[in-house]
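Q: What follows is the residue order along each chain.
2 protein chains.
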Amino acid sequence: MPDRLPRATKMVEDQTIERLKRHVELENEAALVSDLNNMHSADIAEVFECITPEERESYFKLLDPEKAADVLEELNPQLQVELLSTTDEDEATRIVSKMPHDLMADFLGDLTDEEINNYLNKLPQRVSSQIRELMTYPEDTAGGIMTTEYFSVGEDMTVEQTISYVRSKSDSNIDFYYIYVVDKLNHLLGVLSLRTLISSPLDMKVGNIMTTDVFKVHTLDDQEYVADSLIKYGFLALPVVDNFNRIKGIVTWDDAHYVSEEETTEEIYASSGISTDVIDEDEILSGKIMLSVRARAPWLLITLVGAFGAVHVADYFENILDRLPVIAIFIPLLIGLGGNIGTQSVTLMVRGLSTGQIVMNSAIKQVLREIRVGIIIGLAFGLLVMLVTWGWKDNISLGIVVGSAMTANMTLATLLGAALPFILKRFNVDPAVASGPFIATAIDIVGLAVYFLLVSVSLKFLV
Amino acid sequence: MPDRLPRATKMVEDQTIERLKRHVELENEAALVSDLNNMHSADIAEVFECITPEERESYFKLLDPEKAADVLEELNPQLQVELLSTTDEDEATRIVSKMPHDLMADFLGDLTDEEINNYLNKLPQRVSSQIRELMTYPEDTAGGIMTTEYFSVGEDMTVEQTISYVRSKSDSNIDFYYIYVVDKLNHLLGVLSLRTLISSPLDMKVGNIMTTDVFKVHTLDDQEYVADSLIKYGFLALPVVDNFNRIKGIVTWDDAHYVSEEETTEEIYASSGISTDVIDEDEILSGKIMLSVRARAPWLLITLVGAFGAVHVADYFENILDRLPVIAIFIPLLIGLGGNIGTQSVTLMVRGLSTGQIVMNSAIKQVLREIRVGIIIGLAFGLLVMLVTWGWKDNISLGIVVGSAMTANMTLATLLGAALPFILKRFNVDPAVASGPFIATAIDIVGLAVYFLLVSVSLKFLV
Numbered sequence: 001m002p003d004r005l006p007r008a009t010k011m012v013e014d015q016t017i018e019r020l021k022r023h024v025e026l027e028n029e030a031a032l033v034s035d036l037n038n039m040h041s042a043d044i045a046e047v048f049e050c051i052t053p054e055e056r057e058s059y060f061k062l063l064d065p066e067k068a069a070d071v072l073e074e075l076n077p078q079l080q081v082e083l084l085s086t087t088d089e090d091e092a093t094r095i096v097s098k099m100p101h102d103l104m105a106d107f108l109g110d111l112t113d114e115e116i117n118n119y120l121n122k123l124p125q126r127v128s129s130q131i132r133e134l135m136t137y138p139e140d141t142a143g144g145i146m147t148t149e150y151f152s153v154g155e156d157m158t159v160e161q162t163i164s165y166v167r168s169k170s171d172s173n174i175d176f177y178y179i180y181v182v183d184k185l186n187h188l189l190g191v192l193s194l195r196t197l198i199s200s201p202l203d204m205k206v207g208n209i210m211t212t213d214v215f216k217v218h219t220l221d222d223q224e225y226v227a228d229s230l231i232k233y234g235f236l237a238l239p240v241v242d243n244f245n246r247i248k249g250i251v252t253w254d255d256a257h258y259v260s261e262e263e264t265t266e267e268i269y270a271s272s273g274i275s276t277d278v279i280d281e282d283e284i285l286s287g288k289i290m291l292s293v294r295a296r297a298p299w300l301l302i303t304l305v306g307a308f309g310a311v312h313v314a315d316y317f318e319n320i321l322d323r324l325p326v327i328a329i330f331i332p333l334l335i336g337l338g339g340n341i342g343t344q345s346v347t348l349m350v351r352g353l354s355t356g357q358i359v360m361n362s363a364i365k366q367v368l369r370e371i372r373v374g375i376i377i378g379l380a381f382g383l384l385v386m387l388v389t390w391g392w393k394d395n396i397s398l399g400i401v402v403g404s405a406m407t408a409n410m411t412l413a414t415l416l417g418a419a420l421p422f423i424l425k426r427f428n429v430d431p432a433v434a435s436g437p438f439i440a441t442a443i444d445i446v447g448l449a450v451y452f453l454l455v456s457v458s459l460k461f462l463v
Numbered sequence: 001m002p003d004r005l006p007r008a009t010k011m012v013e014d015q016t017i018e019r020l021k022r023h024v025e026l027e028n029e030a031a032l033v034s035d036l037n038n039m040h041s042a043d044i045a046e047v048f049e050c051i052t053p054e055e056r057e058s059y060f061k062l063l064d065p066e067k068a069a070d071v072l073e074e075l076n077p078q079l080q081v082e083l084l085s086t087t088d089e090d091e092a093t094r095i096v097s098k099m100p101h102d103l104m105a106d107f108l109g110d111l112t113d114e115e116i117n118n119y120l121n122k123l124p125q126r127v128s129s130q131i132r133e134l135m136t137y138p139e140d141t142a143g144g145i146m147t148t149e150y151f152s153v154g155e156d157m158t159v160e161q162t163i164s165y166v167r168s169k170s171d172s173n174i175d176f177y178y179i180y181v182v183d184k185l186n187h188l189l190g191v192l193s194l195r196t197l198i199s200s201p202l203d204m205k206v207g208n209i210m211t212t213d214v215f216k217v218h219t220l221d222d223q224e225y226v227a228d229s230l231i232k233y234g235f236l237a238l239p240v241v242d243n244f245n246r247i248k249g250i251v252t253w254d255d256a257h258y259v260s261e262e263e264t265t266e267e268i269y270a271s272s273g274i275s276t277d278v279i280d281e282d283e284i285l286s287g288k289i290m291l292s293v294r295a296r297a298p299w300l301l302i303t304l305v306g307a308f309g310a311v312h313v314a315d316y317f318e319n320i321l322d323r324l325p326v327i328a329i330f331i332p333l334l335i336g337l338g339g340n341i342g343t344q345s346v347t348l349m350v351r352g353l354s355t356g357q358i359v360m361n362s363a364i365k366q367v368l369r370e371i372r373v374g375i376i377i378g379l380a381f382g383l384l385v386m387l388v389t390w391g392w393k394d395n396i397s398l399g400i401v402v403g404s405a406m407t408a409n410m411t412l413a414t415l416l417g418a419a420l421p422f423i424l425k426r427f428n429v430d431p432a433v434a435s436g437p438f439i440a441t442a443i444d445i446v447g448l449a450v451y452f453l454l455v456s457v458s459l460k461f462l463v
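Line by line, the protein sequences are chains A and B.
First residue of the first sequence: 1, per this note's numbering; consecutive thereafter.
First residue of the second sequence: 1, per this note's numbering; consecutive thereafter.
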């Protein structure tokens, strides 16, 4: 399953952290132990994010295995490895064996084969083989995020038998919402909500009350599709089946949430030209520095080429610069504002397309809307710039030229910024990559060209 | 509750839409009706997003009230109003009365008092007063996103009584995960999962098996805090209480998901200087054009002031521009690349802070990391730019100046881009607003200053 990141909203007060630290200073281990084990694992995880590795290690040792496993679940892979590597092997195995299978698989996925075997060989055969299977699925597929912990029963079982089966498992840490009905060979026949179960007569066979038209996904379906369908249809969990419709696991609503958060992060990164192909989205901030460089350099390089295009435009008009150097000083102003309003348009289109609030059919409508915004703001800003320039340089012609360049530039920027995402999507290019670098450069070039053309046609009034 | 936006991943094939349209052409209403009513409401909603208002209207009329209500739930407010305004009053009331209470309240919230009364007066007194109460809570609070449909029982009820109570309600469209235990005055005493219920002896009193330490939120708590806690602790629903600990409603996991998506959108908008204070985040693309202008102009205005700062820097060095106009043509290149790599740094810091992957304590570490990336990329790009400029203008000094300006500029950009978000957050300013416009301008000014300084100190080699 995807990494769990604690949310931004800080819910653990600093005084909690202070209190824990005081216990350490006073060497009051008893108090520390009870405090820690009384905290919610998600809160402990939040504390762990804000303290030193040494503190983490000493606190972690004091947690009982159950709690330690719960806390690990909430931490990102780097911290999981950091903490377990400082724990002695048997204890570590005891903790890991208490983690949900999907998280165990993710954790082991980052280790060496030898380490993996050390862990798995200590687990019951049935579990370790399940984990090994989970580890075979690509990270970003249904198989990669599913868990193998779910309830399945035969279609001939009665409601009463099913209920007592669930009762018998009530100690297990499987949190379940649906019961899946399967045949002897584990083919998925139907699904049953806990609610249907208790609302039905005890002697009824589950085969007669189950829903047979089950929405299911394939082990190799893309995680984004899985998350989107789960959220779209409002399911709590989705069954994952193989080519032969045998149920292999389930994906739960919280997995879906973390997937869509992960996808959003990648989208946000892409929009400023940070690629998550060479490096995992959560490693850009912590992984090898050269990987971060490789994630960021390519788009910058493309921008560089584009920027030289802008340089050539300016160079083409060098004779004008020679005769009237003052016009150079307004370049940052024009391309700066053009870039900003253009980026706004891109941001709105890209996000709208990704949330589905904008559909391709409404492209024209949206682009026209953006242009109107561009014209309104462009005229206001153009006027402002004209007046300031006129007053400052005491040259009305210059003011008019710079001002109208500003208006033209901002309007064109909204046009480019709004239209390009649709064009890219039309050609199946992720529009997210359109924003930031790419568009900014396009706008620079167009903006400069417009400016210099305006200057050259009105040169006689300026000099 | 927050608006439900269909997800980007298109799950309805175009041929489905084509088939529906064909039914219309062939005036085969029977086929159209059955096709529509056999589709999942979320899919119908997706179709509605991609067809003309006329088509929407004609399709909508063919849905039975239940289905129509389900479809409305999935649509954004604009479409809800559009569709119901074309439906005759009684039918509309019948449909609205089938919507979940929280969505009904949101829908009515956008109507005039008169229209609201038209709807509510036709509903049972108990329901209409619940709706009126829901409508009193601010949109972005727990009260604003909660629903009043949940199960509560007295602590003296036995497991058996509770189960039969749930059975008796099994026709209602309340989808519930927990049962809340309250006293006569509706004070929240504890909570019970459906699973605990079926795992306990039938004659046990719920008061003895309930969890008394309940995580609850207040009706006026901020929706982001509510969503974050629900997701952080992995609850399916959270009870919402008033000042007297009386339960008023519950917030469910899907509400939480839509809230955090809404907050992400606002964050993304803010990062390109689009404010969602004057206009609702989902209206920027569809609401009044002047509101969109007001949402976007303020930050652009701030950028304009900043840009004039950059202009003044350039103006300060006008004598240099007079003697060596060629240096002007490299301005777009330098501020362009500086802006891009700086934006990358901002994006990483802002997103990291918002997902919690970066904590304030690690500020120094992160900034140093960004600077290292800036130096590595800056040196490579500086060298490249030096060679190109040298070869192109056949002037090695110029190449060296522009190249080293590029290196310095990119390094400074990562420093500014990484540090400013932390500084803003330190002073409790939302770091999201730091990115885009603000930083870009700061980088422009610093970059220009560095460039012109380098030029002026090495002028004797250049001319």
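Hints listed in this document are in silico derivations from the structure and should not be mistaken for laboratory results.
From a predicted model like this one, the values you see are computed outputs, not experimental measurements.
A couple of the hints might just be wrong.
Repeated chains share a single entry, so a pair holds when one copy, or any two copies, can fit it.
To be verified - Restricting the straight-line Cα-Cα distance to at most 30 angstroms, the calculated cross-link-like pairs of lysine-lysine (BS3-like) are:
no.	residue 1	residue 2
1	Lys288	Lys216
2	Lys365	Lys98
3	Lys21	Lys169
4	Lys205	Lys21
5	Lys425	Lys98
6	Lys61	Lys122
7	Lys184	Lys216
8	Lys216	Lys67
9	Lys98	Lys169
10	Lys393	Lys67
11	Lys365	Lys288
12	Lys61	Lys21
13	Lys122	Lys169
14	Lys67	Lys184
15	Lys184	Lys169
16	Lys98	Lys122
17	Lys288	Lys425
Q: Does each hint fit the structure? Answer for all of them.
A: Now for the hints, and whether the structure bears them out:
1. In this assembly of identical chains, the alpha carbons of lysine 288 and lysine 216 never lie at most 30 angstroms apart, being 38 angstroms within a copy and 42 angstroms across copies at closest.
2. Taking the shortest Cα distances, lysine 365 and lysine 98 never come within 30 angstroms of each other, neither inside one copy (54 angstroms) nor across copies (33 angstroms).
3. Within a single copy, lysine 21 and lysine 169 get their C-alpha atoms no closer than 39 angstroms, and across copies no closer than 51 angstroms, so neither meets the 30 angstroms cut-off.
4. With identical chains, the CA atoms of lysine 205 and lysine 21 are never at most 30 angstroms apart, being 57 angstroms at best within one copy and 42 angstroms at best between copies.
5. For a Cα distance limit of 30 angstroms, the shortest separation of lysine 425 from lysine 98 qualifies neither inside one copy, at 45 angstroms, nor across copies, at 38 angstroms.
6. Taking the shortest alpha-carbon separations for lysine 61 and lysine 122, only the intra-copy value of 20 angstroms comes in at or below 30 angstroms, while the best inter-copy value is 63 angstroms.
7. Proximity of lysine 184 to lysine 216 under the C-alpha cut-off of 30 angstroms is restricted to the intra-copy arrangement: shortest distance 19 angstroms within a copy versus 44 angstroms between copies.
8. In this assembly of identical chains, the alpha carbons of lysine 216 and lysine 67 lie at most 30 angstroms apart only when taken from different copies (22 angstroms versus 33 angstroms within one copy).
9. For the homomeric pair lysine 98 and lysine 169, the shortest alpha-carbon distance inside one copy (15 angstroms) is at most 30 angstroms, but the shortest distance between copies (38 angstroms) is not.
10. Within a single copy, lysine 393 and lysine 67 get their C-alpha atoms no closer than 71 angstroms, and across copies no closer than 67 angstroms, so neither meets the 30 angstroms cut-off.
11. Proximity of lysine 365 to lysine 288 under the C-alpha cut-off of 30 angstroms is restricted to the inter-copy arrangement: shortest distance 14 angstroms between copies versus 45 angstroms within a copy.
12. In the homo-oligomer, the alpha carbons of lysine 61 and lysine 21 lie at most 30 angstroms apart inside one protomer (15 angstroms), although the nearest pairing across protomers, at 65 angstroms, exceeds that limit.
13. In the homo-oligomer, the alpha carbons of lysine 122 and lysine 169 lie at most 30 angstroms apart inside one protomer (23 angstroms), although the nearest pairing across protomers, at 48 angstroms, exceeds that limit.
14. In this assembly of identical chains, lysine 67 and lysine 184 lie within 30 angstroms of each other by CA distance neither inside one copy nor across copies; the values are 36 angstroms within and 37 angstroms between.
15. With identical chains, the CA atoms of lysine 184 and lysine 169 are at most 30 angstroms apart within one copy only, with a shortest distance of 20 angstroms there and 34 angstroms across copies.
16. For the homomeric pair lysine 98 and lysine 122, the shortest alpha-carbon distance inside one copy (12 angstroms) is at most 30 angstroms, but the shortest distance between copies (55 angstroms) is not.
17. In the homo-oligomer, the alpha carbons of lysine 288 and lysine 425 lie at most 30 angstroms apart only across protomers (27 angstroms), although the nearest pairing inside one protomer, at 32 angstroms, exceeds that limit.
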